[in-house]
Amino acid sequence: MRRGHSLIGIIFLSILLAGCAGTQSRNTDPENDPWEGFNRKVFAFNDGLDKVARPIAVGYDKIMPDPFQRGVGNFFRNLDNPVIYVSQVLQGKFGESITTIGRFLVNSTIGVLGFFDVATKWGMPFYNEDLGQTLATWGYKDSRYLMLPFFGPSTFRDGVGRLGDSYIHPVGRAIHGNDEWTLWIVRGIDLRARYLDQDAEFNEAYDPYVLMRDIWMQNREYQIYDGDPPILDYDMYLDDFDEEDDP
Amino acid sequence: MRISSLLLTITCFFSNGVWANLQTDDPVTLIKDITGQIFADVGENLEKYSNDHEALKALVRNDLMPLLDVRYAARLVLGRAGRGIEAGKIDEFATLMSDMLINRYSAGLLYFSSEVKLQVMPQRGDLNPKITRVRTRVSLPSGSLAPVDYAFHKTADGWKAFDVIVEGISYVTTYRNQIMPDVQANGIDSVIERLSKGELELPE
Chain E
1 MRRGHSLIGI IFLSILLAGC AGTQSRNTDP ENDPWEGFNR KVFAFNDGLD KVARPIAVGY
61 DKIMPDPFQR GVGNFFRNLD NPVIYVSQVL QGKFGESITT IGRFLVNSTI GVLGFFDVAT
121 KWGMPFYNED LGQTLATWGY KDSRYLMLPF FGPSTFRDGV GRLGDSYIHP VGRAIHGNDE
181 WTLWIVRGID LRARYLDQDA EFNEAYDPYV LMRDIWMQNR EYQIYDGDPP ILDYDMYLDD
241 FDEEDDP
Chain W
248 MRISSLLLTI TCFFSNGVWA NLQTDDPVTL IKDITGQIFA DVGENLEKYS NDHEALKALV
308 RNDLMPLLDV RYAARLVLGR AGRGIEAGKI DEFATLMSDM LINRYSAGLL YFSSEVKLQV
368 MPQRGDLNPK ITRVRTRVSL PSGSLAPVDY AFHKTADGWK AFDVIVEGIS YVTTYRNQIM
428 PDVQANGIDS VIERLSKGEL ELPE
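Taken in sequence, the protein lines are chains E and W.
The numbering used here numbers the first residue of the first sequence as 1 and each following residue consecutively.
The numbering used here numbers the first residue of the second sequence as 248 and each following residue consecutively.
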């Protein structure tokens, strides 16, 4: 029954490929993105996949009424709970991990397999946790940016975390156990549909690759610090500005 | 004519009411008062503003602009690409950048519609005049909370915000990484021209 190694394959292959990536002319952030050349290629590859994925997501978005889409989103978010629980325990957040168990029980039953987020209304909040964040709180704070084929933006650390998550997450387990990709694909379409509004502006950006990296990396930092990251060093931005014009 | 001057008087009076609070030496109160005011106004006149986007933008501009340090934000965004550019051009760029922010903010207000609620988180620790972050939570109609933070610093004219941070994503940082290379490659005039045509927007 252990045929489903394609998931691990994708992640490992991309890590391997990254190692072989040749030097590229563009190096917009050598510190956080030393594999930019490789990452840009994967970005272009994913962009190609999007030519297929986007029309499906557009169709899904047109056909499905908003409450139903919200329900689908809730359903998948409910399936995240086992990963969240394990991550919370590994980070020593025991009180929050109890809440996560409560959320899972309430939403899976009263919330009809997670379609309705009853738990939030009952004062059991959603916590965003995963193994990548766990590695970060254990001290693996800085990790190089890594664009994964199919999965999108990540870091080396979060790629490893994702692999671990997939052994806990029901959607990942379905792939590992039975090569059952249906849930994964439906989740992908649902996720893609959420970002349709932003497509136009993304495509108009001066450098869509950098835009995606900036948005993802900053939001990831925000998740790692549970919504309270260190304040940016804005002075750094001013250092190289001509101070003559200062009033 | 008489009506419009009356309106003007009322507006000034009303603005004075809002600005009286500006004397409070506290960015948390500032955000609470001003965004609370904007949300309340839009909530009460949602139909009017849905049909008249210009009026909505005017309202947002009137209430929000005095709170922003757009020139400082522009300097942060331009970074080394701003070197050697005359102050007038930088001000022009700053104005266009704030226009964009106001458009985005106004569009967001309508989208959130009447159900929007704002929570301003209490300040922890002392206020740092160099940089203080004010954290807010905007509750969306879907029931989820959007975290919106503001970066403030203290100027000669009081506390001013120079960055908006949504779910950890800094407007200044993200915009800077698009604009700086653009200015370096194509020059400030080209960027200003495209900005004034409504291009170069950032996704939410």
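By construction, these hints were calculated from the structure, which means they are not laboratory data.
Do not rely on the hints blindly, as some may be mistaken.
Only part of the chain W face toward chain E is listed, based on derived beta-carbon distances under 10 Å [to be verified]:
1. Asn350
2. Tyr352
3. Lys364
4. Gln366
5. Pro376
6. Thr379
7. Val411
8. Glu414
9. Ile416
10. Asn424
On a predicted model such as this, the values are computed, not experimentally measured, just so you know.
Here a beta-carbon is modelled for each residue, glycine too, at the ideal position from N, C-alpha and C.
Hint-by-hint comparison with the structure:
1. Asn350: With a minimum Cβ separation of about 12 Å from chain E (threshold 10 Å), the hint on Asn350/W is violated.
2. Tyr352: violated, 15 Å
3. Lys364: Given a least distance of 15 Å, the restraint on Lys364/W is violated.
4. Gln366: With a closest approach of 13 Å, the Gln366/W hint is violated.
5. Pro376: With a minimum Cβ separation of about 13 Å from chain E (threshold 10 Å), the hint on Pro376/W is violated.
6. Thr379: holds, 9 Å
7. Val411: Since the shortest Cβ distance to chain E is 12 Å, the answer is violated.
8. Glu414: Because about 6 Å separates Glu414/W from the closest Cβ in chain E, which is inside the 10 Å limit, the hint holds.
9. Ile416: Where the cut-off is 10 Å and the nearest Cβ of chain E is about 5 Å from Ile416/W, the hint holds.
10. Asn424: Asn424/W check passes; min Cβ-Cβ to chain E is 5 Å, inside 10 Å.
In this structure, the hints that do not hold are numbers 1, 2, 3, 4, 5 and 7, in rising order.
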